[in-house]
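Chains as they are written, first to last, in the working numbering: chain A, 1 to 350; chain B, 1001 to 1340.
It should be emphasised that the hints constitute simulated quantities derived from the structure, not laboratory data.
Don't take every hint at face value.
[Said to hold, decoys possible] Here are the computed distance ranges between Cβ atoms for each label pair:
id : chain 1 : residue 1 : chain 2 : residue 2 : range
1  : A       : Gly57     : B       : Pro1255   : 27 to 37 Å
2  : A       : Ser205    : B       : Pro1309   : 37 to 47 Å
3  : A       : Pro285    : B       : Pro1147   : 41 to 51 Å
4  : B       : Pro1147   : A       : Gly57     : 19 to 29 Å
5  : A       : Asp27     : B       : Asp1052   : 50 to 60 Å
6  : B       : Ala1005   : A       : Gly160    : 52 to 62 Å
7  : B       : Pro1147   : A       : Lys190    : 34 to 44 Å
[Claimed, not checked] Okay, the calculated bits of chain A under chain B, using three or more residues with CB under 8 Å as the criterion:
id : segment
8  : 109-123
9  : 152-161
10 : 177-191
For glycine and all other residues, C-beta sits at the position ideal for the given N, C-alpha and C.
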Amino acid sequence: MTVPTAPPPAEAPDGGPEKIEGETRIDLYRTMVLARTFEEAMLREYHSDKRPGFDIGKGLVPGEMHLAAGQEPVAAGVCAHLSTGDAVTATHRPHHFAIAHGVDLRKMAAEIFGRETGLGRGRGGHMHLFDPATHFSCSGIIAEGYPPALGQAFAFQRKGTDRIAVAVTGEGAANQGAFHESLNLAALWKLPVVFIVEDNDWGISVPRAESTSVPSNAARAAAYDMPGERIEDNAVEAVYAAAGRAVARARAGDGPSLIEVHTLRLWGHFEGDAQAYRKDLEDVPGRDPIPTYEYTLREAGLLDDAAVQQIRASAAEKVEDAVTFAKESPEPDPAQALRYAFAEPDGGAA
Amino acid sequence: MTATADTHRLTTAKAMVDGITAEMDRDESVIYLGEDVGAYGGIFGSSTGLLDRFGATRVIDTPISETAFIGLGIGAAVEGMRPIVELMFVDFFGVCMDQIYNHMAKISYESGGNVKVPMVLTTAVGGGYSDGAQHSQCLWGTFAHLPGMKVVAPSNPYDAKGLMASAIRDDGPVVYMFHKGVMGLVWMAKNQRAIDEVPDEPYTVPIGQARVARTGSSVTVVTVSLSVHHALDVAEKLAGDGIDVEVLDLRSLVPLDRAAIVASVRKTGRLVVVDEDYLSYGLSGEVVASVTDVDPSLLRAPVARVAVPDVPIPYAHALEYAVLPRHDRIEAAIRAVAAA
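Chain A extracted, bound-state conformation (with noise of 0.2 Å):
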């Protein structure tokens, strides 16, 4: 966030400021300011340690790291409808939707640590987040996290319950049978769905229009007679609406509905992608969306520098203190390597 400010982007029609309270929109500047704060602590913390040199299987945080910065108006527009009894099935690139969505902040940042204290004990890593205190998961394979849901959100609808399940993908995913699958059975059992595509113009290096038949992802829905609609600008109050429209049509039992964001990967793949292929990174930073969104905020009158200090102070506060409870947990035991492959009579509850 470092990035100067810009003029706001026009917003939608239907996602005019006019129609979404003060209190809301200070809501989707925070939760996106939360969620970057993650994102850069990750940052900082994954490349403490891996030099000279950059060894992905070295320091606190091994592994692959796939960080959503530039994504944030996605979660934070569609989980503002969203309560901790509806069910998210994210992606590989989860934390985002995760932190929007309620997620536990120590919690699972010890579980990136790979901590006992972590939400899956450091099993899983930051591929495999489940928090089944929000209905939370997430899945490294692309598309397969759409299938789950609609097993949670028919869970939800059996019970009588007008709670429903958010399935989120990549727009490289949407060329998957999962996606295809999944669209047609939840459009055919009307269940309460709503899925989301966030198109980051990149399949890795493969930009979309060399993986994608069409020009939007909200064209197939159609396909499937569910509502399909394509924020175009990344803009969190667009995502807002159509994610209000959405979810309001699968709680109400009208079965699910797919919205695709245009959105933006302000940095690589994986950390250590050198993103020597991506042609548009010198424009990249102008579009970052949280510097928009607070300029459109300061010039509604909804935030001035003392707000936006406070919110940011607020969200490195809860941050850091996620990243030393983390870092004070205690590594898993190594004898215990083989235990939750099974479940446990007393599940082991953490």
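Based on these hints, arrange chain B on the given structure of chain A.
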């Protein structure tokens, strides 16, 4: 496991359905999903009658979208339901394995035990009726190789019912593999052991306990599913020749009852493994290792493995019977090991 006085003669398929029915009666969260499981009743009789009894909200025909509906089962299980999901033929796992081995089987571990997936994946296995290379495999070794799922394969009506109850009540995923040749289907080769007296009352057969199907002292035959029947046929024949065969029906591949294998070999000193799955890197080698890991000196003769040599299952009848573990190959192996 105690049988009551009230029993009925049931085929394995009907006993399996009996087990499902009992659990669906006692637990509303149990549902049955899959292709042609409703009005058809399951291509191999695995759900016959369930639709009439429980209705279309609990016995549900799905589109031909195995990834979507197996994944749906996983999500429903995560939220506390106990779905039984049928993969019509195990051979179809190629279109949906990610949901099975990367999701169903791993969520418990990845979540540090915080998320449970109480789900049963039922699937038809096995050949012997000229269905060719894509509809005749057992493949249980593939599933058993991948961590996080229990794997059971009943050989008879009693176990089919009891293992089904245990599978449904298990708090983790169980793959329930029923061989078409043990189901007692009227449209397949008749199998005298595919119909038997089954207690009317619900009961469980514990997952992970093998059963001595025939007690003997000369040679141990360790096997599972339809091959149990072939082994018993051969054992009866060889009894007249003074070869006293013990037949161990594993019933579960995961967990594998290694103690039962070792106990039997400790007694006989001779081991034949009969497995309708492929020979290499599979169940038969694992059974042998269960003995040699503990004490190779228990074996007084080289082990024989009767499995499908590493070729696709052929179509032509004579070719298929040449590669399946049928009576003649089992008999030859037992005679050789007994004489060694």
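Hints versus structure:
no. : hint                             : result
1   : A:Gly57 - B:Pro1255: 27 to 37 Å  : holds (32 Å)
2   : A:Ser205 - B:Pro1309: 37 to 47 Å : holds (44 Å)
3   : A:Pro285 - B:Pro1147: 41 to 51 Å : holds (44 Å)
4   : B:Pro1147 - A:Gly57: 19 to 29 Å  : holds (22 Å)
5   : A:Asp27 - B:Asp1052: 50 to 60 Å  : holds (52 Å)
6   : B:Ala1005 - A:Gly160: 52 to 62 Å : violated (42 Å)
7   : B:Pro1147 - A:Lys190: 34 to 44 Å : holds (36 Å)
8   : 109-123                          : holds (count 6)
9   : 152-161                          : holds (count 6)
10  : 177-191                          : holds (count 7)
Hint 6 from the list above is the single one not met by this structure.
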